[in-house]
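Participant: The residues making up each chain are set out below.
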Amino acid sequence: MALLTFKGGVHPPEKKELAEHKEIKVLPLPEKVYIYTTNHIGAPAKILVEPGQKVKTGQKIGEANGFISANIHSSVTGEVVEITKMTNAATGMKNDVIVIQRTGEDEWELIQNHGDYTKKSPKEIVEIVKEAGIVGLGGAMFPSHVKMSIPEGKKAEYLIINAAECEPYITIDHRMMLERSKEIVKGIKIIMHATGVKKAYIGIESNKPDAIEKMKEAVSGEPIEVKVLKTKYPQGAEKQLIYAVTKKEVPSGGLPLDVGAIVFNVSTTYAIYEAVEKGKPLVERGITLTGEGVKNPGNFIYRIGTLAKDLLEHVGLVEEEKIDRILYGGPMMGIPLPNIELPTFKGNNALTVMTKEVAPKKELYPCIRCSKCVQVCPINLMPYLLKMQVEKREYDKALEYGLMDCIECGSCSYACPAGIELVKTFKTGKKVARALKGRAKK
Amino acid sequence: MKLNVAAAPHLRSKDSVRAVMVDVLIALIPSFIVSTWVFGWRAFWIMLYTMLLAEGMELFIMKVLRKQKNFKPDFSASVTGLLLAMNLSLAVNWWQILIGTFAAIVLGKHVYGGLGKNVFNPALVGRVFMLISFPVAMTTWYRPFYFKYDTITTATPLAILKEKGVSTLANWPDYPINLKTLFIGTVPGSIGEVSALALIIGFIYLVLRGRIKIWIPITYISTVFVISSIFYLADPTKYASPLFHLFAGGLMLGALFMATDMVTSPMTVKGQIIFGLGLGLITMTIRLFGGYPEGVSFSILIMNAFVPLIDIYAKPRIFGTTRGGKK
Numbered sequence: 001m002a003l004l005t006f007k008g009g010v011h012p013p014e015k016k017e018l019a020e021h022k023e024i025k026v027l028p029l030p031e032k033v034y035i036y037t038t039n040h041i042g043a044p045a046k047i048l049v050e051p052g053q054k055v056k057t058g059q060k061i062g063e064a065n066g067f068i069s070a071n072i073h074s075s076v077t078g079e080v081v082e083i084t085k086m087t088n089a090a091t092g093m094k095n096d097v098i099v100i101q102r103t104g105e106d107e108w109e110l111i112q113n114h115g116d117y118t119k120k121s122p123k124e125i126v127e128i129v130k131e132a133g134i135v136g137l138g139g140a141m142f143p144s145h146v147k148m149s150i151p152e153g154k155k156a157e158y159l160i161i162n163a164a165e166c167e168p169y170i171t172i173d174h175r176m177m178l179e180r181s182k183e184i185v186k187g188i189k190i191i192m193h194a195t196g197v198k199k200a201y202i203g204i205e206s207n208k209p210d211a212i213e214k215m216k217e218a219v220s221g222e223p224i225e226v227k228v229l230k231t232k233y234p235q236g237a238e239k240q241l242i243y244a245v246t247k248k249e250v251p252s253g254g255l256p257l258d259v260g261a262i263v264f265n266v267s268t269t270y271a272i273y274e275a276v277e278k279g280k281p282l283v284e285r286g287i288t289l290t291g292e293g294v295k296n297p298g299n300f301i302y303r304i305g306t307l308a309k310d311l312l313e314h315v316g317l318v319e320e321e322k323i324d325r326i327l328y329g330g331p332m333m334g335i336p337l338p339n340i341e342l343p344t345f346k347g348n349n350a351l352t353v354m355t356k357e358v359a360p361k362k363e364l365y366p367c368i369r370c371s372k373c374v375q376v377c378p379i380n381l382m383p384y385l386l387k388m389q390v391e392k393r394e395y396d397k398a399l400e401y402g403l404m405d406c407i408e409c410g411s412c413s414y415a416c417p418a419g420i421e422l423v424k425t426f427k428t429g430k431k432v433a434r435a436l437k438g439r440a441k442k
Numbered sequence: 001m002k003l004n005v006a007a008a009p010h011l012r013s014k015d016s017v018r019a020v021m022v023d024v025l026i027a028l029i030p031s032f033i034v035s036t037w038v039f040g041w042r043a044f045w046i047m048l049y050t051m052l053l054a055e056g057m058e059l060f061i062m063k064v065l066r067k068q069k070n071f072k073p074d075f076s077a078s079v080t081g082l083l084l085a086m087n088l089s090l091a092v093n094w095w096q097i098l099i100g101t102f103a104a105i106v107l108g109k110h111v112y113g114g115l116g117k118n119v120f121n122p123a124l125v126g127r128v129f130m131l132i133s134f135p136v137a138m139t140t141w142y143r144p145f146y147f148k149y150d151t152i153t154t155a156t157p158l159a160i161l162k163e164k165g166v167s168t169l170a171n172w173p174d175y176p177i178n179l180k181t182l183f184i185g186t187v188p189g190s191i192g193e194v195s196a197l198a199l200i201i202g203f204i205y206l207v208l209r210g211r212i213k214i215w216i217p218i219t220y221i222s223t224v225f226v227i228s229s230i231f232y233l234a235d236p237t238k239y240a241s242p243l244f245h246l247f248a249g250g251l252m253l254g255a256l257f258m259a260t261d262m263v264t265s266p267m268t269v270k271g272q273i274i275f276g277l278g279l280g281l282i283t284m285t286i287r288l289f290g291g292y293p294e295g296v297s298f299s300i301l302i303m304n305a306f307v308p309l310i311d312i313y314a315k316p317r318i319f320g321t322t323r324g325g326k327k
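Chains A and B, in that order, are what the protein sequence lines are. Quick note: the first sequence, position 423, residue 423 per UniProt numbering, numbers continuous. Quick note: the second sequence, position 33, residue 33 per UniProt numbering, numbers continuous.
None of these hints come from the bench; they were simulated from the model. Take the hints with a grain of salt, since some may be wrong.
[Claimed, not checked] Once the Cα atoms are required to be at most 27 Å apart in a straight line, the calculated DSS-like pairs of lysine-lysine come out as: (1) K14(B) - K362(A); (2) K424(A) - K14(B); (3) K392(A) - K2(B); (4) K356(A) - K2(B).
[To be verified] Stretch by stretch, here's where chain A covers chain B in the computed footprint (C-beta under 8 Å, at least three residues): (5) 5-12; (6) 16-28; (7) 106-120; (8) 315-321.
Glycine included, every Cβ here is placed at the ideal spot set by N, Cα and C.
My request is simple: use the sequences and hints to build the entire structure.
Facilitator: What follows is the structure, encoded as C-alpha cells:
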C-alpha cells in the first residue's frame, strides 16, 4: 500500500538512532520547580498560592483565566518560595513563575470524580481534562478541553492521533507507543467518548515499524485504525497530517473541525488517560534529551517546571566549547535557549543539544530563483516572492500571497541553496502584520 | 556556557549555489568534449578563454567596483562564459569575444544588480550583442573536422533548409546531413549546440541531481515537435521532419541549458509549462516564417521578459483555499 502523505516537504537527516532504543526512565524528583503561569496558549493562569504556602503534588496553584487558558499544578510536594518573573523562551517575554521548593516525597492531590470513563458523561470527562490542565503536548500547548468541547452546529467525524513525530532527533512519542500502547488506546477511547467521534486514526511515520506493529496490536477490535505515513518533514504538522489521512484540506484560516477532524498528539492522549482514569493532573510528561552534545541521550519522564540545566545533568553534556545551541524541541522548529537556567513547560517534548559540528554553517548567496522553496512548501506558497514583499513592507500583497497561511515549518530555509532565512522573515512578518491589523481595528 | 540563539531551522541542507553552478558545469562536460572533437582545439580554446574572461570580469566587478572584499567565486560567471562560448561561431576572434563577454557579464547581469537579479539570460544577451555587432563572423560556419579539409566554411542544416529548401538537405555536398549526424553532432553550427546526444547526457545528469526546471524543456521540445509535425504532415516536400527540427540548430542547447537558467525562468510548474509553450511557439514562428534560420536565442530572450508576469499569474493554489485564491 502506498504511504500516505502531502505535497512538498523535505527529508532532513533523522538522527533518531541517538535515542530511539532507549527505554523511558522516570527521573528523580527535582529540588526546585519553576512553573510558568503561561504554560499554554491563551491567557495566563490566575495565581492561587502565595509565598510560604505548602503545596502537594498535583495541587492546583493557578486557575484557567478565560476561555482559552488552562490550570497549572504544583509538580512536587513542598513550599512556594517566591513568585517571580522569568523569560519564557517560547514567547521571548517575561512571564510570572511560581517557584516551589521540594520538601519531601510526593503527596498527591488527585482530581475528584476520576475513574472508569464509560460511566461518565462527555461533559464530565471534558471537565476532568480541564481540571487536569491538559494542553497539546506536541508543542502547540492549546488547551485540550477547548478542543474537546465541540461547538454547537459542528460535528467531529474523525479523531486523528498525531504520532508522526517528524522532527529529527525526537523519539519520546515513539517510545510512549512502544511502552504504553494500551494506555494510549484507552486515552483515544476516552476522547472518542467525550467528543462523540466514531472513528479514530493513528498516523505514524514509516520509520517507526515497531511502533506501527505495537499500535496495530493494541487497537485490534477497536474502531481505531493505524495509518502508515511517509517519512517526511513536516508530516506531523496538523494540516498536513489531516490531509495525509483524510485527503481533506483544512480551509485557510480555519480549524481542523471545519473538515470534521480533531487532532491530538500521542503524549496528550496519554495525559488524558492518566487524568481521567487515575486522577493525575498534568505535572509530568515524557521528553527526549538528545543531540550530539549529550553524552547519554535517552527518553525520560520529568516534572514540569524543572530547569533545563537540571534535566541535562541526568544525561551529561560534552565539553562546553563543542556545544553550539540547545533547543526546546527539535532542530526544525525548536526554540534556542539563551541559557540553561530556564524552566521547562508543558509543551517540551525534547531538549536537543547541538554541537558546532552539526549546527548549520551555510554560505550566503543571492537568491538564484532555483525554486526549491516553492517545491518544498507544504502550503504551496512562493516563499521567495513572499520574502520580497515582507522586506518591502508590502503587507497587503504579502497577505494576499498567503503570509498568514505559513505554518512556519522551515522547509524553505532548510532547502534553500543560497542559505536565505526565509521562515525567519515570515515569522517576523506575521507578527508585524498582526500588530498592524490590531492597530487598524483601533 | 555561550549559547547560540540563531533562528530555526537548526539543520540546513548541504546544498549551495556554488554546488548548483558546479553541477551545471559538470553537465556541460560531454558537450565540451564533443565540440573539441568535432571542431578541434580552436573550439577548446574559445570555450576556455570565454570562461576565464567571464570569471575574471565578475571578480573585478565584485571585488573592485562593488568592494565585496570577501567575495568568493560562485562559478555563475563560468557558467555564463561557457554557455556564451557554446553559442558562438568558430569564426569569432579574441577581441570580439572580449566585447561579447563584457556584454554578457555587465549588460546581461551586473547592471541589474548581479547574480539572481537579471531579467535576461546573460549568455544570450552576449550572443545577441555579438550577432548584431559582428554579423559576418557570427554567421560564418566551419565544416565539422574542418582541420582535415581544404574548404573550411559551409552552411548549417537550418540555413540550408531556409535558403535551399528541404530537398537539398539530403544531398548537401560538404558533409552528410541525416538524423545520425545531427544527433551525434558532426554538423556545423555554434560550438556547443551541435551534439544533441552530448547535451542530453548532461541534461540527464542535471535531472538526476534535481537541478533543473524540468517542465521547461519538456514543454518546449514537445511544442516544437507538435508544430513541426503538423507542417511536415501537411507537406513533407516543403517542410523538414520533426526530428530534424529537434536536433538541428540550437534547440537542444537552448531548451536544456539556456531556457532552464534558474534566474531567468519561472518558479512554479504551471509557470514553467507556460514558459515552455511560449518558447516553442516563438521558435517555430521564427524558423518557419522569420528572416533568421533559427529562433532559439530570440525566443528565450522574449520569454525571459514575461517571467515576472508569468510568476505572478501562475502562482499555485494555496493549501486550504479554493481555486482563484478565495478563502
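Participant: Hint by hint, say whether it matches the structure.
Facilitator: Each hint tested on the structure:
1. K14(B) - K362(A): 8 Å, holds
2. K424(A) - K14(B): Measuring from Cα to Cα gives roughly 19 Å; hence the hint holds.
3. K392(A) - K2(B): Violated: K392(A) and K2(B) sit about 34 Å apart, past 27 Å.
4. K356(A) - K2(B): OK: K356(A) and K2(B) at ~12 Å, within 27 Å.
5. 5-12: Since three or more residues must qualify, the claim that chain A covers the region 5-12 of chain B holds, with 8 doing so at under 8 Å.
6. 16-28: holds (count 5)
7. 106-120: Answer holds; 4 residues pass the 8 Å Cβ test.
8. 315-321: This one holds; 7 residues, not fewer than the three required, reach chain A with a Cβ under 8 Å.
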